[in-house]
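Student: In order, the protein sequences belong to chains A, B, C and D.
The first sequence: position 119 = 128 (the numbering used here), numbered continuously.
The second sequence: position 9 = 18 (the numbering used here), numbered continuously.
The third sequence: position 11 = 994 (the numbering used here), numbered continuously.
The fourth sequence: position 43 = 1026 (the numbering used here), numbered continuously.
Please keep in mind that the hints were generated in silico from the structure rather than gathered at the bench.
Glycine included, each C-beta is placed from N, C-alpha and C at the ideal position.
Hints are not guaranteed to be accurate.
[Said to hold, decoys possible] Listing some non-contacts, in silico: residues in chain C with all C-beta distances to chain D over 12 Å:
(1) Met-996
(2) Glu-1056
(3) Pro-1065
(4) Leu-1212
[As the list claims (entries may be wrong)] DSSO-like mimics (lysine-lysine), calculated; alpha carbons at most 30 Å apart, straight line:
(5) A:Lys-150 with B:Lys-98
(6) B:Lys-185 with A:Lys-141
(7) B:Lys-141 with A:Lys-150
(8) A:Lys-141 with D:Lys-1205
(9) C:Lys-1205 with B:Lys-141
(10) A:Lys-150 with B:Lys-22
(11) A:Lys-185 with B:Lys-141
(12) D:Lys-1205 with C:Lys-1052
(13) A:Lys-141 with B:Lys-150
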Amino acid sequence: MTLETDLLGVTLKNPVIMASGTFGFGEEYAGLIDVSRLGGICSKGLTLRPRAGNDGVRMSETAAGMLNSVGMQNPGVPHFIERELPAMKALGPAVIANLGGGDIEEYVEGARLLDGSGADILELNISCPNVKDGGMAFGIKTQVAREVVRAVRRAYSGPMLVKLSPGAENLTEMAKACEAEGADGLSLINTLVGMAIDVETRRSLFRNRVAGLSGPAIKPVALRMVWDACRAVSIPVVGLGGIAAWRDAAEFLIAGAAAIQVGTATFSRPDTALSIIDGLGEYMSRHGFERISDIRAC
Amino acid sequence: MTLETDLLGVTLKNPVIMASGTFGFGEEYAGLIDVSRLGGICSKGLTLRPRAGNDGVRMSETAAGMLNSVGMQNPGVPHFIERELPAMKALGPAVIANLGGGDIEEYVEGARLLDGSGADILELNISCPNVKDGGMAFGIKTQVAREVVRAVRRAYSGPMLVKLSPGAENLTEMAKACEAEGADGLSLINTLVGMAIDVETRRSLFRNRVAGLSGPAIKPVALRMVWDACRAVSIPVVGLGGIAAWRDAAEFLIAGAAAIQVGTATFSRPDTALSIIDGLGEYMSRHGFERISDIRAC
Amino acid sequence: MLSEVLAVRSNEMLLPDIGRLTVEAAAPARPGQFYMLRPEHGAMLLGRAISLCDRQGEILTFLYKIVGKGTAELSRLREGDPLRLTGPLGNGFPLEDISGKIALIGGGVGVAPMVYTARALRERGNTADAFLGYPDSPYLHETMKTLCDKVTVATESGVCGAKGYVTDIFDPEKYAAVLCCGPLAMMRAVAEKCKAAGTPVWLSLENRMACGVGACLVCTCKGKSGGNLRVCADGPVFRGEEISLDA
Amino acid sequence: MLSEVLAVRSNEMLLPDIGRLTVEAAAPARPGQFYMLRPEHGAMLLGRAISLCDRQGEILTFLYKIVGKGTAELSRLREGDPLRLTGPLGNGFPLEDISGKIALIGGGVGVAPMVYTARALRERGNTADAFLGYPDSPYLHETMKTLCDKVTVATESGVCGAKGYVTDIFDPEKYAAVLCCGPLAMMRAVAEKCKAAGTPVWLSLENRMACGVGACLVCTCKGKSGGNLRVCADGPVFRGEEISLDA
């Protein structure tokens, strides 16, 4: 029995990956948990140029979830390649560079710099607001997503995941379009778009009005979308959204995910991912599964 | 100061309405709470013909939410008009008849029977699976929804809400289309589509595979959609989705809702709606609001 | 019916997975009825439907088995902790329609409602025998001995009483009526034996519930005539011939 | 750094909205550091960032103010209840860089970190005066009297000490360095006075946090140079001139 699993040609020690934006560049958690045991780590969302992120309140806890409005604060791709990436690689787990952008040119230039930089996998985040399209995210309309995936595919030669938004107008059509444009795999779901209002000031809590909802609250929705995506495409799908325990992870693997990501639950318990790794191992032994792919429902 | 509010020409004692499917036909709760204090009650979802509903597991609790797969079990519109409706009307709150259907003909015939039957408002549920369209809900694609709203509008002469699905491909376009086709108001959001898997049997917990997610978990998403809908149309919007306390209700009213519905939270605390009515009154006094519409953000 | 937040009076584990909780509440209840129990500060959305195990004076006793997060939360309640109690709910056993010698059959935590049922029968002047089945260590059987003419215990492990299933011992021919609460397999066996013997049987079902009052329709079971019945409001007690116990 | 579930040693309310909780943990911590506290069976997703108030032997003391559901949950913990402690986190006060007479300024629950800071300063042979401001009833001021040369208390209500703000009394000219933790308005006033007097000042900030370790970037504050600083990992203690305290 082995937890080792292949993702886009990269061998992961196990199928448990830390989700982008929830694990910094890995080193932040190195003092708290044994980071080397993880299957992979997605970097904080990167953009070509550094971004300071949003002003005002950035987080609000909700029922079994949290809204965040960090706004892509990151040091920029060049800084990442020079400083954070070497340190990430030294941690052991597979390194997944998560890339966003405000327009296609920024995506492409970021991808070009990352190509050959040493990251194991590129995760293309198409949930960023498109500055040329009034701020509607690239990941909503299939045709818009298609263009950014096509352009980045030309610029990046390594294995590439496209991270889908649950706000996609037609998720399975979106998944198929990404596959057709050369994505090697998909990851989903990104955060749901939510909102919170301060009832005393009667204004949105967040300057940007909306914010991304994550956490156990969204798990049932994420699982349904992962199931649908797995049946729409033949490339691997990485499942995420509210996974907080091995049982959740097993549900996504049964639904057809090749690997899973743990995000917000790490904030509740820093060792969530490690206990998922342990729990999946015990689950596999109990059921006599030899490898992760055996977990998938027939 | 008054909580009394107008909804589609109907005077409600207060803007707190019990959501369809969570309050039966009202009488079920009459032994537990003072039902007469409520602003309105939406009936269990009705269809022209009686339906037995789904087999197998119908409910599973999730983090701050629940999945349900009841499957439109109801006695049918004729039975409702003869038996449940008179009893509902005797309770005092405004009566809102929630109507679904499997095809446009069934919707239209149900609406025709309900027209003039004595219900104060019709709430048209377009989240039902369209049996002629492979089960995709009427509420996903604007064009499909447009047709059912248009047809029902011709068949029903009284005030009519259209209840929108959060799965609509384009929510604001959908809202505008419903307004254009003669909806007098909108209510949203219906449940999100979710899923749960039994990790021991490795099968979906629900025979119908998917199920509807409701409860506090979905509130941030519902609030964002209600805000968007309120800015897309000029007809009244009734907000619902995870409302469990007066603060939640106030958020929806600030976002622009004319009234709100309480659903799943009633299961946690049967008196949730009553405490929301009390809490809204205190909130209005504290802020010097004269009427419910004053709560709306400028 | 009430829906009130009350202070837990006591809460103790009888076995590692079986707990007993008491509260004080004035409202009357019938044997076989249940309450929705929800810790006021709990993390779960829904209450848990728990049968009334006993009622003496104004002390209500509930027995629960830890099967998931909700019941684990019940087990962590301590004296004084606030617990929302909604009930009594459901129909309960129709004791007024029954006369003669009664058999009370309980399996596992399904033994719970039989205690108050036995007490009520005794108060009505009825006599009852109890047949109690457990996987391993038994509980409440000593209490039942004080309330019944005869108590037969069977355990799957053989640790107490007969080894095996109490349903194999029970003879429906000897009784005017049978009341049963337990796992599905037990209720199927009892229903079948009673049908063959022509003895009327009432079964108390359980299911996941949300509202507990018949409004939400998530707890339905199959009626023999094809329609769906609400376990919470049409039951939880059904005549054996009313319902289908197929999976 | 640890992230462990420990048993609550004690938990008591000093005022209706101010609680004091202790646990036993061996790992060392610096004054001004904080921990994420999350009741293991709580309904909240996230821990709450709480400053270390005191440390004697292996007993850690935390002071918290009930401001929402998370801190209300902390207040309901009883002896023995499991509490996840993650920390110590953040930089803490740079006591090794400070010499001479120190002023410790605390406002409300911001008084908490000053206790362990005063204790550590005394152990280092430093002398400190404390200026403690409260809206109404004071707390920890008696403990501070045992650890500082002089303790000045001011309350907005006038119930104890001077009526008004302690920042109006405090004179930065008399001190080699100032350490402050309190509401934003207090920290602005202190930073301004210290700047005018040329006295170095360190401010301990608070903000909503998720990870507590610098990974999630939700707790940032504005740096004077324009960039965002992480309160959890770059702070919570900043030099007055490093950060912008504008709304």
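Student: Holds or violated: B:Lys-141 with A:Lys-150, Cα cutoff 30 Å?
Tutor: 26 Å, holds
Student: Quick one, are A:Lys-150 and B:Lys-22 close enough, alpha carbons at most 30 Å?
Tutor: 43 Å, violated
Student: Straight-line Cα separation of D:Lys-1205 and C:Lys-1052 no greater than 30 Å?
Tutor: Measuring from Cα to Cα gives roughly 42 Å; hence the hint is violated.
Student: So is C:Pro-1065 really clear of chain D, every C-beta pair being over 12 Å apart?
Tutor: 10 Å, violated
Student: With the threshold set at 30 Å, check whether the alpha-carbon distance from A:Lys-150 to B:Lys-98 stays at or below it.
Tutor: 45 Å, violated
Student: Straight-line Cα separation of A:Lys-185 and B:Lys-141 no greater than 30 Å?
Tutor: 24 Å, holds
Student: Please verify whether A:Lys-141 and D:Lys-1205 have alpha carbons no more than 30 Å apart.
Tutor: Distance of about 28 Å is within 30 Å: holds.
Student: Is A:Lys-141 within 30 Å of B:Lys-150, Cα to Cα?
Tutor: Since the Cα atoms of A:Lys-141 and B:Lys-150 sit roughly 26 Å apart, the hinted pair holds (cutoff 30 Å).
Student: Take a quick look at whether B:Lys-185 and A:Lys-141 sit within 30 Å of each other, Cα to Cα.
Tutor: 24 Å, holds
Student: Any Cβ of chain D at or closer than 12 Å to C:Leu-1212, or is the non-interface label fine?
Tutor: 34 Å, holds
Student: For C:Lys-1205 and B:Lys-141, compute the direct alpha-carbon distance and say whether it is at most 30 Å.
Tutor: Status holds; Cα separation ~28 Å.
Student: Compute the least Cβ-Cβ separation between C:Glu-1056 and chain D, then decide whether it is above 12 Å.
Tutor: 7 Å, violated
Hints 2, 3, 5, 10 and 12 from the list above are not met by this structure, while the remaining hints are.
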